[in-house]
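All chains, please: the whole structure from these sequences, using the hints.
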Amino acid sequence: MQWTKKRKQTITLLAFVFPALLFYAVFMLAPAFGGIGYSLTDWNGLNPTYHWVGFANYTEALTDDPYFIKSIWFTLRFVAFMVVLQNALALLLAVFVESRGRSKVWFRTIFFMPNMISMIIGGFMWLFIFTKVLSYIAEHSGFGFLDQSWIGDPDFSFYAIIIVSLWGGVGFLMVIYIAAIQGVPQPLKEAAAIDGANTFQTFRNITLPMIYPALTIGIFLTLNSSFKAFDAVYALTGGGPGRATQVIALNIFEEAFSFNSRYGYASAKAMILFLIVFLITIVQLRFMKNREVEA
Amino acid sequence: MSNPGTRAGERQLGRRVGSAFVFVILLIGAIFTLFPIYMGLLNSLKTEGNMLSNILSFPSRLEFGNYADAFEKTDFMRSLGNTLTVAAVGLAGIILFASMAGYKMSRTPGRVSGFLFGLFVLSMLIPFHSIMITLVKIAKELTVQGSTIGLGLMYIGLGVPMAIFLYHGFVKSIPRDLDEAAVVDGCGEIRLFFVVIFPLLLPVTATIAILNLLWMWNDFLFPLLMLTDSDSYTLLLSTNMLFGEYNNDWSAILASLVMAMLPVIVLYIVLQKYILNGIADGAIKG
Amino acid sequence: MKKALYMSLVLVLMVSVISACSSKNNNETKPSAIASESESASASASASESASPSEVKADTPPQKVELKVFMSFPRFKDQFESYFAQFKAKELAGKNIDVTIKLEMPNPDQAKQILQTRLASNDAPDVFTLHAIADIPTYYKAGYLSDLSDQPFVPKVYESVRKTVTYDGKVVALPLESLSWGYLYNKKIFADLGITPPQTIDEMNAAIDKINAAKIKPFMLAFQESWIPQLMMALSLGGTVSSAHPDWIEKMNKGEASYKDVASVFDIIDLIMANGTSKPFEVGNEAGSTDFANGKAAMWVQGPWQAETILKVNPNMEFGVAPLPVSNDPAGAMINLATSTSLAVSPTSKNKEVALDLVNYVLDDKDSAPLFETLKFNPVATMHTYETFPWITEASSYVAKGKAYLDLSLPNGVTDETAKLLQSYYAKTVSKEEIIKTLDKTWAKAIKTQQ
Numbered sequence: 001m002q003w004t005k006k007r008k009q010t011i012t013l014l015a016f017v018f019p020a021l022l023f024y025a026v027f028m029l030a031p032a033f034g035g036i037g038y039s040l041t042d043w044n045g046l047n048p049t050y051h052w053v054g055f056a057n058y059t060e061a062l063t064d065d066p067y068f069i070k071s072i073w074f075t076l077r078f079v080a081f082m083v084v085l086q087n088a089l090a091l092l093l094a095v096f097v098e099s100r101g102r103s104k105v106w107f108r109t110i111f112f113m114p115n116m117i118s119m120i121i122g123g124f125m126w127l128f129i130f131t132k133v134l135s136y137i138a139e140h141s142g143f144g145f146l147d148q149s150w151i152g153d154p155d156f157s158f159y160a161i162i163i164v165s166l167w168g169g170v171g172f173l174m175v176i177y178i179a180a181i182q183g184v185p186q187p188l189k190e191a192a193a194i195d196g197a198n199t200f201q202t203f204r205n206i207t208l209p210m211i212y213p214a215l216t217i218g219i220f221l222t223l224n225s226s227f228k229a230f231d232a233v234y235a236l237t238g239g240g241p242g243r244a245t246q247v248i249a250l251n252i253f254e255e256a257f258s259f260n261s262r263y264g265y266a267s268a269k270a271m272i273l274f275l276i277v278f279l280i281t282i283v284q285l286r287f288m289k290n291r292e293v294e295a
Numbered sequence: 001m002s003n004p005g006t007r008a009g010e011r012q013l014g015r016r017v018g019s020a021f022v023f024v025i026l027l028i029g030a031i032f033t034l035f036p037i038y039m040g041l042l043n044s045l046k047t048e049g050n051m052l053s054n055i056l057s058f059p060s061r062l063e064f065g066n067y068a069d070a071f072e073k074t075d076f077m078r079s080l081g082n083t084l085t086v087a088a089v090g091l092a093g094i095i096l097f098a099s100m101a102g103y104k105m106s107r108t109p110g111r112v113s114g115f116l117f118g119l120f121v122l123s124m125l126i127p128f129h130s131i132m133i134t135l136v137k138i139a140k141e142l143t144v145q146g147s148t149i150g151l152g153l154m155y156i157g158l159g160v161p162m163a164i165f166l167y168h169g170f171v172k173s174i175p176r177d178l179d180e181a182a183v184v185d186g187c188g189e190i191r192l193f194f195v196v197i198f199p200l201l202l203p204v205t206a207t208i209a210i211l212n213l214l215w216m217w218n219d220f221l222f223p224l225l226m227l228t229d230s231d232s233y234t235l236l237l238s239t240n241m242l243f244g245e246y247n248n249d250w251s252a253i254l255a256s257l258v259m260a261m262l263p264v265i266v267l268y269i270v271l272q273k274y275i276l277n278g279i280a281d282g283a284i285k286g
Numbered sequence: 001m002k003k004a005l006y007m008s009l010v011l012v013l014m015v016s017v018i019s020a021c022s023s024k025n026n027n028e029t030k031p032s033a034i035a036s037e038s039e040s041a042s043a044s045a046s047a048s049e050s051a052s053p054s055e056v057k058a059d060t061p062p063q064k065v066e067l068k069v070f071m072s073f074p075r076f077k078d079q080f081e082s083y084f085a086q087f088k089a090k091e092l093a094g095k096n097i098d099v100t101i102k103l104e105m106p107n108p109d110q111a112k113q114i115l116q117t118r119l120a121s122n123d124a125p126d127v128f129t130l131h132a133i134a135d136i137p138t139y140y141k142a143g144y145l146s147d148l149s150d151q152p153f154v155p156k157v158y159e160s161v162r163k164t165v166t167y168d169g170k171v172v173a174l175p176l177e178s179l180s181w182g183y184l185y186n187k188k189i190f191a192d193l194g195i196t197p198p199q200t201i202d203e204m205n206a207a208i209d210k211i212n213a214a215k216i217k218p219f220m221l222a223f224q225e226s227w228i229p230q231l232m233m234a235l236s237l238g239g240t241v242s243s244a245h246p247d248w249i250e251k252m253n254k255g256e257a258s259y260k261d262v263a264s265v266f267d268i269i270d271l272i273m274a275n276g277t278s279k280p281f282e283v284g285n286e287a288g289s290t291d292f293a294n295g296k297a298a299m300w301v302q303g304p305w306q307a308e309t310i311l312k313v314n315p316n317m318e319f320g321v322a323p324l325p326v327s328n329d330p331a332g333a334m335i336n337l338a339t340s341t342s343l344a345v346s347p348t349s350k351n352k353e354v355a356l357d358l359v360n361y362v363l364d365d366k367d368s369a370p371l372f373e374t375l376k377f378n379p380v381a382t383m384h385t386y387e388t389f390p391w392i393t394e395a396s397s398y399v400a401k402g403k404a405y406l407d408l409s410l411p412n413g414v415t416d417e418t419a420k421l422l423q424s425y426y427a428k429t430v431s432k433e434e435i436i437k438t439l440d441k442t443w444a445k446a447i448k449t450q451q
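Residue numbers (UniProt numbering), protein chains in the order written: chain A, 1 to 295; chain B, 1 to 286; chain C, 1 to 451.
Keep in mind that a hint or two might mislead.
To be verified - DSSO-like cross-link-like pairs, simulated, lysine-lysine; straight-line CA separation at most 27 Å: (1) B:K137 to C:K312; (2) C:K64 to C:K163; (3) A:K70 to C:K432; (4) A:K132 to C:K296; (5) C:K112 to B:K73; (6) A:K132 to C:K432; (7) B:K73 to C:K445; (8) B:K73 to C:K102; (9) C:K445 to A:K70; (10) A:K70 to C:K441; (11) C:K112 to A:K228; (12) B:K140 to C:K376; (13) B:K73 to C:K141; (14) B:K172 to A:K289; (15) C:K163 to A:K70; (16) C:K350 to B:K137; (17) B:K73 to A:K132; (18) C:K90 to C:K102; (19) B:K137 to C:K437; (20) B:K140 to C:K141; (21) A:K70 to C:K279; (22) C:K448 to C:K141; (23) B:K172 to A:K228; (24) C:K215 to C:K279; (25) C:K64 to C:K95; (26) B:K140 to C:K64; (27) C:K279 to A:K132.
Stated by the list, open to error - From the derived model, a few chain A residues whose C-beta atoms are all more than 10 Å from chain C: (28) L46; (29) P48; (30) G101; (31) R102; (32) S149; (33) W150; (34) I151; (35) I162; (36) A191; (37) I194; (38) L221; (39) F257; (40) Y263.
Hints listed in this document are in silico derivations from the structure and should not be mistaken for laboratory results.
Keep in mind that this is a model prediction, so the values were computed, not measured.
Don't be surprised by glycine CBs; every beta carbon is placed ideally from N, CA and C.
Set out below in C-alpha cells:
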C-alpha cells in the first residue's frame, strides 16, 4: 500500500513534469551534451568528419592560448567592476528613490526603462553618444576631457562598456532592492530613529541586514550576466581594438566562426566558461547564504 | 547658528538639505538614463546635414522622412507580427508547462523530484554559445527551423528552467491544506491544478510573462541563427539588417532604433506598475 | 488505470500542441503573405497590376519551386531583388516554373557565421555567396560546393578570373566581384598638388610632405572593422613577396621561413599609420567612405569595391587606384588581382536545376551587363561590354606593364589574425616583434590543423 502510493506519486510527478522536460531535453540538454561531445573533437564546424582528440582542446585553451587567458582576466575585471558598481548604485538609487514622496514613481519608472530595450539597440544608441555627441559637446563647450577616443582607446573603452552595461542593468536590481527595503518593518526603523540613530546608522544596522537575501539575489544575477556579457561589447567595440576588450563569450564566438572556425575547440572553451561561472556562483551562494543565517 | 536653542531647527534644515541633495543625485541619474534615448529621438527627427551642424539642439523642422523610410524598409507591421507570434507561442508554452512542473516538483518530496529540479536549474548557467550549433542541427532535424512558430517552440525549451525556478519557490507560499481539501472533495490532480492552484499563481505568472517577453523580444543571436528568411524576421533582426544598408546615415539609423524600441516602451508605460511589481515579487519570493 | 489516463492526457496535450503548430505554420504564413500582397495591390489601386496574376494562369498550372538564396550584400538588396524578379518572369515564361525566392541578406560581418551554421546543420541555402580565396578550399573539402564546370556560364568567364574560382580542376563558383586593386587616391588633391602616384617609399615620403604642407591628411584611417587595416598588410606583403621573396609562401608552409624575413612590410604600414586621420577606431567602412568622398584625406588603403558607396556620397568624386609602394624598389609597387565574393550552388539543393538556372542568369548574355554596371563591379565575363570605369582602366594599365600579382593564398585564419594584430599595433598594445612571433605561430598551427 505504502509502496504503491509512493509509486503513484512519482508517476504523477513525471506526468506533470513531462511536457516541460521534453522541450527542455530536446532544445537545451541535448545540445548541451552535444557541445560537450564536440569539445572532445577537432571538428571545424564545417566538415562532415572529425576526430576524437580527448582533452587536448582543454589543455590547449588553458596552457597555449594567451588570448583566451587574457579574455578570462578581462572578463574577471569586468565582472568585479560590475558586481560592485551595479549593486552599489542600485542600492543607493533604491534608498534614495524610496525616500522620495510623490516623485518616487517617476524615478522608478525612468531608472528601469533601459531594461526594456535590447542591448543591441542600446549599444548602438550609446555608440552614437560616444562617437558623435561627446566630441560635439567637447568641441562646443570646452569640456575638453570628453573628447576621448571612447571606443578606440582600450583605457577608455573598458569604461565605455561598463557605463553602457550599468545603464542597462542598474534599474532591474534597483527594483528588487526597493521591494526588499519596503519589506523592512517600519516600526523597526522608527525605533532606531527614536534611539537617536541617524539615517546612515539606521540603514547600516537595520535595513542592510534585513535585505541581505535580496543582496544574494542581486549579486547572483550580476555575476551570472556579467560572465556571459556579449551584446553590449559586440555592439560597442566588437572586442577591439585588436582584442583589447574581448570578453570570454566573444573569444568563444570568434574561435567558432572566424579564424580556423575550430568549433570543437570553441566548445571546449565554452565548457570552461560554464565551469568558471558554476564554481563562482556556488561559492557566492554558499558564502552569502551562510552569512544570511548569521545576520 | 551655533545657538543651542535652534538644534531642532538645524536638524530640520539638515534634513531639507539632505533631501535636496538626494533629489539632485536622482535627477542626475535620471538625466543620464534618458540621455541616449532622448538624443536618439531628437536626432532621428533631423536630416543628416541638420544633425551634424547641431547635434544637441531641437530640430528646426521635424523630419519624419527617416521614419517613413525605416517603417517601409523593416516591413514594420510584418516584423512586429512575427515578433508577436514568437512571443505568444513561447509564452504560452513556458507558462503552461513550467507552472505544472514547478508546482508538482515543489509539492513532491524525494530524490526524483530533487534531481529533476536540479537538472532544470543547472542549465541556467550554460552559456548560449556552447549549445548554439548543435541546437541549429536539432532544429533542422525537427523542422522547427526557419519559422516563427518553430522559434517560439524552441524558446519554450530554453525558457522553462528559469520559470520553473520561480514557480517552484512561489508554490511554497501556498498552503498545502488547499491541495488536500481539494483532493478530499474528489478533485482530480489535473483539475486540481488548473482550477485551484493555477489561479493562485497569477502574481508569479505575471512576473514570468514579463521577464520572458522581454527576453524573447530583445533576443538577437538566436533568431538570427534560426530564421532563414527575411520574411519571417523579428523586429530586431529587420532593424539590424538596415545597418548594412544605410550609409552611416546616423539619423536614419537612429529612426530605425527608435522604432524598434517603441513597442516595448509603450507597453512599459502602460503597464509599468505591474511590470515593476511583478519583477520585485518574482525576485523576493522566488 | 488512472496513471495511464494521465499519461495519455499529457500525450494528447503534447500532440495537439505540436500538430496545431505545424498545421498553423503552413496556414498562417501563407494567408498573411497573400493578405499583404493584396493590400499593397489595392493600395496602389492600379487595375493592371492586380489583373496580371490571373493572366499568367495559362492552360497548365506552373510548377511551383522555392529557392533559398543567401547573399552577404544588404547594400545591394534593391538591385538583386529586382534582378531576381526578372529571373522569375523569365523562368515562368520559358519553363513554366513559378519560382519563389527566399532571399536572406545578413550583415556582411555576421554572414559567414550564419552561413557556416546553415551548412554544418544540413540546411544549406540553394545558392549562396562566399569568398573565393578565403572560403573555397575549406568549403570544397567539406563537400558544400557543386561542380559547375559544365555550366553554360563557364566559357564566358575571362580566363584570368576563372582561375580564381577553380579548385581541384573544377569550377566551383561563379565570380561576382573580381578585383584589381591597390590603394585609392583623390585625383583632385593629387592634381592640385602636382603629385603622381609614388612608386617607392622615398617618393611616398615626398608626397606625404607635400600633402601635409597643404594642410590635408595624407591617409584616411578607418580601423573600426579589422578587415580594413588588414588591407595594408595584404598589399604590403603581396608586393614584397611577389617582387623579392617569390618562394616565401612555400617555405612558410614547410615551416622554413618567418615573417622576420619580410619584416620590411612594416615600413609602409608605419608610414601610413603615422600620417593618418585621428580616432580611426570610431570610423567604420561606411563612415570612411563618406569622409574620403568628401576629401578629408588624400589616400585610403581600400579597394575599388567601395566605388558604389563613395560615389553615392559624392557623385563627382574622382578617385584613382594605384599600387602601394613597399620599398625603394619600384618593382615592389604592384596591383593585387583577386576574386572575392562569388556565387556557389549547394550540392544538396532539392531544386538544383532552377538554382543552376539562376546562377547562369547572373551571367546572362543580355541582362547581366546592366546589373554589373549598376553594382560598379569589374567585368568578369565576355558579355560585360559596358564602358569600364576610369579606376579599372587605371589599374589595368599597371597590370599591362606586368606590375601585378595574383592574391597570395595564406592559410585559413592568418588573415583574420593579421587584422586583429594590426588594430592592436595601432593601439600600441603589441609590438612589431610580437606580431611576427604570433603570425609565425598562427601560420604553423593552421598548416597543422588543415592536414
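Structure-based check of all given hints:
no. : hint             : in the structure
1   : B:K137 to C:K312 : 41 Å, violated
2   : C:K64 to C:K163  : 36 Å, violated
3   : A:K70 to C:K432  : 19 Å, holds
4   : A:K132 to C:K296 : 17 Å, holds
5   : C:K112 to B:K73  : 23 Å, holds
6   : A:K132 to C:K432 : 32 Å, violated
7   : B:K73 to C:K445  : 44 Å, violated
8   : B:K73 to C:K102  : 16 Å, holds
9   : C:K445 to A:K70  : 20 Å, holds
10  : A:K70 to C:K441  : 17 Å, holds
11  : C:K112 to A:K228 : 23 Å, holds
12  : B:K140 to C:K376 : 38 Å, violated
13  : B:K73 to C:K141  : 38 Å, violated
14  : B:K172 to A:K289 : 19 Å, holds
15  : C:K163 to A:K70  : 42 Å, violated
16  : C:K350 to B:K137 : 19 Å, holds
17  : B:K73 to A:K132  : 25 Å, holds
18  : C:K90 to C:K102  : 17 Å, holds
19  : B:K137 to C:K437 : 38 Å, violated
20  : B:K140 to C:K141 : 23 Å, holds
21  : A:K70 to C:K279  : 25 Å, holds
22  : C:K448 to C:K141 : 16 Å, holds
23  : B:K172 to A:K228 : 31 Å, violated
24  : C:K215 to C:K279 : 18 Å, holds
25  : C:K64 to C:K95   : 11 Å, holds
26  : B:K140 to C:K64  : 23 Å, holds
27  : C:K279 to A:K132 : 12 Å, holds
28  : L46              : 5 Å, violated
29  : P48              : 6 Å, violated
30  : G101             : 44 Å, holds
31  : R102             : 42 Å, holds
32  : S149             : 5 Å, violated
33  : W150             : 8 Å, violated
34  : I151             : 5 Å, violated
35  : I162             : 18 Å, holds
36  : A191             : 54 Å, holds
37  : I194             : 57 Å, holds
38  : L221             : 28 Å, holds
39  : F257             : 4 Å, violated
40  : Y263             : 8 Å, violated
Of the numbered hints given earlier, the model fails hints 1, 2, 6, 7, 12, 13, 15, 19, 23, 28, 29, 32, 33, 34, 39 and 40; all others are met.
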